[in-house]
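In order, the protein sequences belong to chains A and B. Residue numbering for the first sequence follows the working numbering, starting at 7 and increasing by one per position. Residue numbering for the second sequence follows the working numbering, starting at 5 and increasing by one per position.
It should be emphasised that the hints constitute simulated quantities derived from the structure, not laboratory data. Source: prediction; values computed, not measured. Just so it is clear, CB atoms sit at the ideal spot from N, CA and C, and this is done for glycine as well. One thing to keep in mind: the hints can contain errors.
Derived contacts from chain A toward chain B, CB cut-off under 10 Å, selection only [unchecked claim]:
#1 P65
#2 G73
#3 R91
#4 L120
#5 R121
#6 G217
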Amino acid sequence: MSTATDTSPTAARLDALRAEGRAALVGYLPVGYPDVARSVEAVVAMVDAGVDVVEIGVPYTDPVMDGPVIQRAAEAALVAGARVRDVLRVVEAVAEHSGGTVPTLVMTYWNPVLRYGVDAFARDLAGAGGAGLITPDLIPDEGADWIAASDAHGLDRVFLVAPSSTAERLALTARASRGFVYAASTMGVTGAREQVGERAEQLVADTRAAGADHVCVGLGVSTGDQAAEVGRFADGVIVGSALVRPLLAEDPWPVRLDGLRSVVAELADGVRRSRRAGQEEAS
Amino acid sequence: MPDQPVREALTENLAHQVLGRLADVEGPYFGQFGGRFVPEALIAALDELETEYRKALGDPAFTDELARLHREYTGRPSPLTEVPRFAEHCGGAEAGHRVFLKREDLNHTGSHKINNVLGQALLVKRMGKTRVIAETGAGQHGVATATAAALLDLECVVYMGEEDTRRQALNVARMRLLGAEVVPVSIGSRTLKDAINEALRDWVANVESTHYLLGTVTGPHPFPEMVREFHRIIGNEAREQILERTGRLPDAVAACVGGGSNALGIFNAFLDDESVTLHGFEAGGEGVETGRHAARFSGGAPGVLHGARSYLLQDDDGQTLPSHSVSAGLDYPSVGPAHSWLHDLGRASYEPVTDDEAMEAFRLLCRTEGIIPAIESAHALAGAMRLGREAAEAGRTGQVILVNLSGRGDKDVATAARWFGLLDDQAATDETATPEGDQ
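Isolated chain A, as found in the complex:
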């Protein structure tokens, strides 16, 4: 199985947390918002407040999987001059700050990687201490170059599954992924929702049945209770818009960072309440 723990620091981290009886909190922030230096501060604050796995977003002009909150941050980051290579700085900063204990994935639409050069990007990401990529608009069918490059540089490749995925596609995606499979909880784009799709639990079960060792759930989670609920059945709870939102506030920067820390703390508490009775069977 290509999600094998021995080749993936992310999978190892998920396993360690599973042994502690809880799901991981995977936190997303975009690089370059409001500028590169402060985005590093925000990511560090997020890690210190209790995020287990970091996901750094590359701002892109045409983010079709993102809702209004992340769109706004990405647009502002681009206006402020964020470059693709800046993501490597943030990855390095997290690796340094955490002593390499917090796996850092990069979430990117595909064209910036194509333009950089798929193998060159993989090489530089690995060099910066990054764990791998989450690719919202790259399906494994189109990913031959990336699969080769991630093998060559020992990187995770997180592909997505959705409630609309057929059993055949779940199996294909599970086989192609390493680190974990990203299960989109609902049909839609990123952004907080009152309820995380009922289909999420079923999708996680189906994805495991299709061969995935690790499945994390994203889209729509914004509260501690939702994190606890999702953490009951998933290996990780991925949160993006709810972390970006406090940073978009009009307040002075330190106040915005405090806002971020308190959201992370609530979510971290949520995943710690997610101890599952049946977790051994689930794993």
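The hints should help you fit chain B onto chain A, whose structure is shown.
Just chain B, lined up with the frame of chain A:
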């Protein structure tokens, strides 16, 4: 691993492209272009669409109904008009070239767009979906989609850049008269590409009930192939008409290229006729050297946008660059993958035409033939003038040039009036005059 079957499919596809007819190449890849660079959530719907469309093309119940609509609703076949007075401006009267226009401007709703829209709307009925969404740059595809939705009783939502909805108030009203909801898009560059982003987001969230009625030969497979199939009729008719009128094939075929649906529609019938040269004309805007243009082949490089790999205006980071043209319909940073393939194969050539050149051709066709073309189509007319001139300079006379007149210019009257200073109160036009229409 999943890459093995993909490689096999690619190899098979390439073999087909070498051995088979260029006109019949099937997706997902046109050479190294095309594909499906979209969220996994859409793959099931794209698979369903592909299956349904292939079934439909083999089902007389579908093809007969589409043919009936073409005939009784759209007004096909569209005429072929020879334009001798205009032809004198294509290399001079002494060159003796003959220029023919394929009159897609005379279709219902005023452009070729209706061919694709009717085909897809009939498919929507077959798939049992009840809602269609569409993007529009400034109105042409949105109006055509709203028209088909009214005809076939479908709920219709059109995404349109906020700037365009403000400036194209009349077209917004037209779509609303037809029963469509028009949603202004106020994020990103507030243009056509952002309208497509928003339509894709809607589609991901509502894919079970909704079909994305994409307006050109771009997007993820099967759109580039399927939209070509629905526009194939343009070239098929034109080929037959010109053979009947001149007794031979044309020497050159010219079309404007935004996303590229009208161009692919007319090129397709001649792809396997080696003697016919094919010429796509992109928006050169204020000149490729100014950076304000939509010349993907002169000023872009292969990349991925909106689901397909193709030539793309992008910066060093792979961020999409804004395009510019006097014609909104050509104002798009990427191009259909089949055109990128034909470009790299050398089967078709693609050249920029500036705003100035297009508007001069626009003026000439109005004055010499009494036909007001869409500004998009005026790029093809300017291209024909260039082809005629170049042929004459090379000593080739009596050439037959076929031009796809993809749309009518009623929508462009305000832009043209401002361009040529035809209004008494020029300042008053600033609120209403804009380019419009997507090709």
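Double-check A:R91 for me: the hint is only fine if its C-beta lies closer than 10 Å to a C-beta in chain B.
holds (8 Å)
Minimum beta-carbon distance criterion (10 Å), A:G217 to chain B
violated (13 Å)
May I ask you to test the interface hint for A:G73 with respect to chain B, counting a Cβ-Cβ separation under 10 Å as satisfied?
holds (8 Å)
Interface hint compliance - A:P65 to chain B, C-beta minimum distance less than 10 Å
Interface hint status for A:P65: holds (8 Å vs cutoff 10 Å).
Chain B contact restraint on A:R121 - CB to CB distance below 10 Å
holds (3 Å)
Are A:L120 and chain B close enough, Cβ to Cβ, to be under 10 Å, as the hint says?
holds (6 Å)
The structure fails to meet hint 6 from the earlier list, while all remaining hints are met.
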